[in-house]
Amino acid sequence: ALPGLNLCGAGRVVCLIDPVGDVYACPFVIHDEFLAGNIRNEGGFTKVWRESALFLSLREPESEGACTSCGSYDACQGGCMASKFFVGLELTDPDPECVLGNAEPYLAALATAGTAVPSSTADHSRPGVPVPSPVTLRPTRRQRV
1 ALPGLNLCGA
11 GRVVCLIDPV
21 GDVYACPFVI
31 HDEFLAGNIR
41 NEGGFTKVWR
51 ESALFLSLRE
61 PESEGACTSC
71 GSYDACQGGC
81 MASKFFVGLE
91 LTDPDPECVL
101 GNAEPYLAAL
111 ATAGTAVPSS
121 TADHSRPGVP
131 VPSPVTLRPT
141 RRQRV
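Each residue of the sequence shown is one higher than the one before, starting from 1 at the first, in the working numbering.
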């Protein structure tokens with residue numbers, strides 16, 4: 001990994017494009033906070049990938065925050081942004097899955113404060129019942145001979 005870069009690939013080497021063209025920095029967080037743009041806008045994906053303020057900020061080396069002073073920072077480099085986000089931690093806080101337990105005081109403070117856990121503003125699921133899809137089997141090569 002490059003010095004100072006979190007091992008998380010969100011907005012650096014991976015992203016997610018949903019069916020309507022919205023581009024999210026993290027495939028695990030379909031939320032407005034991680035929305036970088038839309039491929040249907042002028043410039044398409046190239047512009048979103050190269051010029052999105054979100055992607056540009058995610059690509060900056062982490063220079064402050066709880067993890068940068070940790071002796072194990074070179075090994076994990078801050079952890080997963082999605083896991084932090086879903087428990088309500090700041091992106092500069094320790095990963096809740098930190099094996100050293102560095103996130104425990106942060107998680108306890110959230111529980112004491114009664115912080116609400118973020119949730120998506122859009123429902124990307126398909127409501128309703130499954131749609132039957134007929135499956136047609138073609139003969140195998142042996143059956144055709």
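Keep in mind that the hints are not guaranteed to be accurate.
[As the list claims (entries may be wrong)] With a Cα cut of at most 25 Å, we get these calculated SDA-like pairs of lysine to any residue: (1) K47 with R12; (2) K47 with E33; (3) K47 with F86; (4) K47 with E60; (5) K47 with G9; (6) K47 with P27; (7) K47 with S69; (8) K47 with R59; (9) K47 with A66; (10) K47 with P19; (11) K47 with I30; (12) K47 with S72.
Rather than coming from a laboratory, the hints here were simulated on the basis of the structure.
This one's a predicted model, so the numbers in the text were calculated from it and none came from an experiment.
Comparing the hints with the structure gives:
no., hint, in the structure
1, K47 with R12, "holds (14 Å)"
2, K47 with E33, "holds (19 Å)"
3, K47 with F86, "violated (28 Å)"
4, K47 with E60, "holds (18 Å)"
5, K47 with G9, "holds (19 Å)"
6, K47 with P27, "holds (19 Å)"
7, K47 with S69, "violated (35 Å)"
8, K47 with R59, "holds (15 Å)"
9, K47 with A66, "violated (32 Å)"
10, K47 with P19, "holds (18 Å)"
11, K47 with I30, "holds (20 Å)"
12, K47 with S72, "violated (36 Å)"
Hints 3, 7, 9, 12 from the list above are not met by this structure, while the remaining hints are.
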